[in-house]
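Protein chains: 4
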Amino acid sequence: MGTGPIRTALKVDFNKPAQEQPYLHNRWHPDIPTVGKITPGEVVKVECLDWTGGQIQNNDCADDVKDCDLTQPHYLSGPFEIEGADPGDVLVVEIQDVQPFEDRPWGFTAVFDKKNGGGFLDAHYPQPAKAIWDFEGIFCSSRHIPHVRFPGLIHPGIMGCAPSTEVLVEWNRRESELVSMNTLDRVVAELPQPKNAHAGSAPEDLKAKICREGARTIPGRPEHGGNCDIKNLSRGSKTYLPVHVPGAKFSVGDLHFSQGDGEISFCGAIEMAGIITFKFELMKGGIQELEMKSPIFIPGPVEPHFSPGRMLTFEGFSVDEAGKQHYMDVTVAYRQTCLRVIEYLKRFGYSGEQIYLLLSCAPVQGHVAGIVDIPNACTTMGIPMDIFDFDISPGAPVLKLDMGSCAYTSGKK
Amino acid sequence: MGTGPIRTALKVDFNKPAQEQPYLHNRWHPDIPTVGKITPGEVVKVECLDWTGGQIQNNDCADDVKDCDLTQPHYLSGPFEIEGADPGDVLVVEIQDVQPFEDRPWGFTAVFDKKNGGGFLDAHYPQPAKAIWDFEGIFCSSRHIPHVRFPGLIHPGIMGCAPSTEVLVEWNRRESELVSMNTLDRVVAELPQPKNAHAGSAPEDLKAKICREGARTIPGRPEHGGNCDIKNLSRGSKTYLPVHVPGAKFSVGDLHFSQGDGEISFCGAIEMAGIITFKFELMKGGIQELEMKSPIFIPGPVEPHFSPGRMLTFEGFSVDEAGKQHYMDVTVAYRQTCLRVIEYLKRFGYSGEQIYLLLSCAPVQGHVAGIVDIPNACTTMGIPMDIFDFDISPGAPVLKLDMGSCAYTSGKK
Amino acid sequence: MGTGPIRTALKVDFNKPAQEQPYLHNRWHPDIPTVGKITPGEVVKVECLDWTGGQIQNNDCADDVKDCDLTQPHYLSGPFEIEGADPGDVLVVEIQDVQPFEDRPWGFTAVFDKKNGGGFLDAHYPQPAKAIWDFEGIFCSSRHIPHVRFPGLIHPGIMGCAPSTEVLVEWNRRESELVSMNTLDRVVAELPQPKNAHAGSAPEDLKAKICREGARTIPGRPEHGGNCDIKNLSRGSKTYLPVHVPGAKFSVGDLHFSQGDGEISFCGAIEMAGIITFKFELMKGGIQELEMKSPIFIPGPVEPHFSPGRMLTFEGFSVDEAGKQHYMDVTVAYRQTCLRVIEYLKRFGYSGEQIYLLLSCAPVQGHVAGIVDIPNACTTMGIPMDIFDFDISPGAPVLKLDMGSCAYTSGKK
Amino acid sequence: MGTGPIRTALKVDFNKPAQEQPYLHNRWHPDIPTVGKITPGEVVKVECLDWTGGQIQNNDCADDVKDCDLTQPHYLSGPFEIEGADPGDVLVVEIQDVQPFEDRPWGFTAVFDKKNGGGFLDAHYPQPAKAIWDFEGIFCSSRHIPHVRFPGLIHPGIMGCAPSTEVLVEWNRRESELVSMNTLDRVVAELPQPKNAHAGSAPEDLKAKICREGARTIPGRPEHGGNCDIKNLSRGSKTYLPVHVPGAKFSVGDLHFSQGDGEISFCGAIEMAGIITFKFELMKGGIQELEMKSPIFIPGPVEPHFSPGRMLTFEGFSVDEAGKQHYMDVTVAYRQTCLRVIEYLKRFGYSGEQIYLLLSCAPVQGHVAGIVDIPNACTTMGIPMDIFDFDISPGAPVLKLDMGSCAYTSGKK
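Chains as they are written, first to last, in the numbering used here: chain A, 1 to 413; chain B, 1 to 413; chain C, 1 to 413; chain D, 1 to 413.
Looking at chain A on its own, in the form it has when it is part of the complex (with noise of 0.2 angstroms):
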């Protein structure tokens, strides 16, 4: 009988550093011990910090974003023993709730600077930037891009079991490989980087071989899903994660009050600490069964609702900025789609990087349109004409609404 509150499994510190906090954790391995059992079938919160560990700050300067320190994220609460789990099964993932806390109502999204980090259109907006949402329930809403406002699709964007060695150690190959390779002039993956690694409560020599081994939490990962930031695991959604070692050591983190599909600038979802509902279940031998090779989930029944009749669509394709034609390159035809809504919705006042942030946290839709129509893949973004106080339909007259500005770095503007 479910009449006592529920447990909360893991509380975080507001006070403390997040490096001093035992039960967080910013790396994949195998041996960083569990912090707690929980039981199939038991309803738990988990409480989050943001990915960044408290580094950006609600104020009207990017200062924070641009001294943003890329060793320390993300920071995840886990990892957790599930009680029953062995490799080969399958986690139900069922999410029951997300909340921002209480006396936390706001959340933040950023450009970081190309040098640091940078994100999908760091080409044409270099410099780092910054909006602060607050929270109003279920809304949000931004002193930095006025006018428009919107529901959040709630989600954490990193859930993930612990690799086993052998799907680290595949890991750290592949990565490496593709960064000896590189001939690109910018960082393309992140290897394991002992500096500011956090292996939770290990003792000194486990935390030792952790930091030395343990993935970077920042890209997701076809075996265990890890930092997939996909914006519909929220509210109700079931997800079915690959178990590869004994009661799976199951993290989370990373918590977004919203997201546009591709979260293109980076921390481009709006970021929060939070704390999550969880309700887990095991499917024994579930990899096997299921044919799984990557997570697989279903959406919650309760997203926000636009009708299809109001989502401006904008179209892109694989020839680039430069007149290019690429060979059937959905990232380029990605990049061109969000370009174009920029430079549509600039003529309302907003500046670049305005928008840049919005089409990043917005629950704008991303969709592959057509991937075999050589040699231009075509998609397409939705952005719902109803987050908008003002009409930004194609006939609407181009009203001069005061747009302020978003926060830039002391330096800038």
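These are computed hints drawn from the structure, not numbers from a lab.
Be aware that a few hints might be false.
Any copy, or any two copies together, can satisfy a pair, since identical chains are not distinguished.
Cross-link-like lysine to aspartate or glutamate pairs, in silico, EDC-like; alpha carbons within 16 angstroms at most [what the hints assert, rightly or not]:
hint, residue 1, residue 2
1, K114, D67
2, K209, D31
3, K346, D391
4, K284, D86
Chain A is fixed; fit chains B, C and D onto it per the hints.
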């Protein structure tokens, strides 16, 4: 007062080869003669052949797919002069309805031979396959893929205004460059091809020029749209197309009864002949006013409506089948996502080709999920569980149903 | 293999009076001869006149409404023998499509004279009025009610199997009783009426009997459905109808391009002639198996799709216009709700009749909200704001638009 | 800058009788003292008891329902002074969130004794019954009604501004008249009742007046809303309430985790204590500007989302259980509709009381379908099939599942 019947601006003839019908064409060129005039505000119907011009038959053998001549497509209806349209305008195309012909209530989906067109998964499914779909009002079902049935999101794969000479030159420049730089062991773009070029009613001299210069209709292109294969351009949608030549010279074709995001098997929609009802408006000087570089659109308000809680969703990442890590490659990630769905659904007894065909044409949702978490792009594909007449959810027992077979070439199976 | 055209099981003739078309009828009676046989599983088309049999014209005068002869309707197509149907079975009716005739792309909505049929608000709007709607594919608009446009949720107002003799006797018993007990100053039910009764192809003797006994088609009735006027019986819906006589004797008519919940102005839907596509199945012994006393249905998956956040919703309670408190009377409450919408929308310049017509036919949502809070029932009516081309939300400025006029009788306005 | 916690404008106390909490009240009267001031634009939280003030327990016996004292409800939180509100204004109430208390994640649905409140079907289900619902984030389930689970459309049953003296006098006039004319063998309205009246912090003299004159909170009323029990006043909704007294004197209570259209079992929602988050705005002179006689609202954009193709829908008509024909009586029709659903679902092993409880609280859709086809009104009730964990569709086999039992009184079962 709209009391009379709607004017049919173009009729096709099923008893004549497409090449002999002067109101069709299969290349993009500014000089193809117009086939009629349409006034903004008028409601008109336009008939279209299927894109192959009738090369594919309603039977149980895929030899016609194997032998399909890819120098012919796509047979487009038009171009139409839109009264008053000038370069720089935007042509607003409202699709009021799309219907198959009453006496041809069927369509086809095909996997093309890897050596003749191929498709997104041709490394895995190199041989031709075909499914015939029967239309029952808004629904379709196939004897070649039992136990599925879904409402069509009926739409044209191709709409566009003629390129100007400048635009055409640019297309040919950049696509030639791609071809000349190609190191892949596959065709990366189709350059102008006189063989089987159809220049409508152009007299001989002009026809020769058009055949020599005219761009192929295979890819969508940012400047005008064309073969975008966007499944949401259905009944009630409004598309905003840039005008590049006097009179706009609008053409349409490649009607689809339904398509999934990506149209992955190349001839992946449910291809059909049919009738499309339009109303056009002009936005004078709209290109500059909207800062438009590529088409935009607003879908119609009557799309098939599935609960998010009924979308079984698969994840894929930019690590390929060989375990190679790619850098932020959405194309690779989407291919992996497709493969994950196929592995899952094969458990129920479908062949890989059947599922490949199904994902191409059913209303599956392909999203760009995360595109900033180096080095892995993450994409998702959502499958509406309601289109199956048995339970495909992860917990459901795997029944042994008779899944029959799709059509293969006479040599196979 | 469904490669051929769909069979049209019944064609109507626009050049002949409805009374002379032997495959039509306008009374419910078990002995009306069948007009053809349909096999379960077969897909068939059935043509229908509008319910008045063509009495209403596409013009700007409501004299035809005033003079409309209400002993004639509804002209139904059928009855059809469903092969193998026996009393006790359930006939499963899948509506695969509904379309207006190609050359009659229009329909009408009318307010009937209080003395000739009346309507739900005839105390307030006692005089005839009319609006003609033009169909543009899935959309409709009216020169008589400017600035609105919406997609149709197209459906038949009437479907049903013939009553058995026992059922018919019961209908006549209880409706006669109502009439005999009537103390209201209005017609409360229409009993069998030989005048203008149409018994299909019945020979004289039988015809006389049918005309004498046959139930009017005006009300829906629990035992078989009939004139339910349920707006959601649209494309893709499945209705489960009890079978009372051998062969089921299924009839259909009263096609609507669109209707609001309640169809409040009586001839309140957008009435049209058209073609409906069916597939039937039989559930042998289904009445007992499903414990069925009245029809049930599952709507189709492609209804027009408005965001709940775009539904302006009005409340009404069971206190009437005179301030009299009624006890839990949903009918009174719903009438009040309608009046509230009219008062609100009149602010924009519409006449009361225009709004009355609009609420009858647009896809408004009428809900029973609270029915237990003595003494007040509470109902709501939700208006999709997206159907207007100006902003009707409570905060919006009230623009002065030209709202024209609906059609009135020649004596009026 | 909303960086701090949201102010809680009113806290309730679970350790004290509701009658002793001076910031609660259970009658409507203009003179009940305000409990605090709220500024338009401010976001505030307000705590609420369940409507019975804690009379119903989380156990398996319905004796508490049988004995529930109906002179007490509803305990409302307030009234609040809204700064600047004057008679004639409209108070715009945005509900930003509604949540159960963290440590009370449960609610109840009850059938009241026919002699103590009764309900919409008390002729059929005259005895008390109860179901306890456990909340799991957005979902709820009940040990008393197995095999169903659904997301809550959480909302307050009651919101309203205080009546003016004139309005109050009118309420008492018309309801007294109803009572005095009553010929039914049941209570038709609850007139002012000093017993257990709670006038907030009113001093003795004033309290006596309020107890004597104060209107009961049981019905919703057109002039101010009140106990409308509209399930869609959930998160994100905006309600426009007429202001009748200086400062508006806004009160709220009767929180529901979920409710079906009609709330048919009287205490039919999932009743709970909880916390509601508001933001208010004022529309000065709004009553006249909007021609407002009753509240209006716009639902929030995040309602649970079921496909129309998954709504099993039942029809009912105004012919009662005894076969008596009623004239256009929607109340009778809706009762029949409810009975049809019960008959259908009993086939699966549920008791009538279980289904009665379920239809009261699950998100079922009750529509007025046809209201002009004399003599039969037609209503529908749509049941979302997705809330069951087994297949309830008409074709599905009827499995033998253990349906347990709801709670009855100690004397019964």
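Here is how each hint holds up against the structure:
Proximity of K114 to D67 under the C-alpha cut-off of 16 angstroms is restricted to the intra-copy arrangement: shortest distance 12 angstroms within a copy versus 51 angstroms between copies. In this assembly of identical chains, K209 and D31 lie within 16 angstroms of each other by CA distance solely inside one copy; the values are 9 angstroms within and 70 angstroms between copies. Taking the shortest alpha-carbon separations for K346 and D391, only the intra-copy value of 14 angstroms comes in at or below 16 angstroms, while the best inter-copy value is 24 angstroms. In this assembly of identical chains, the alpha carbons of K284 and D86 lie at most 16 angstroms apart only when taken from the same copy (8 angstroms versus 49 angstroms across copies).
In this structure, every one of the numbered hints holds.
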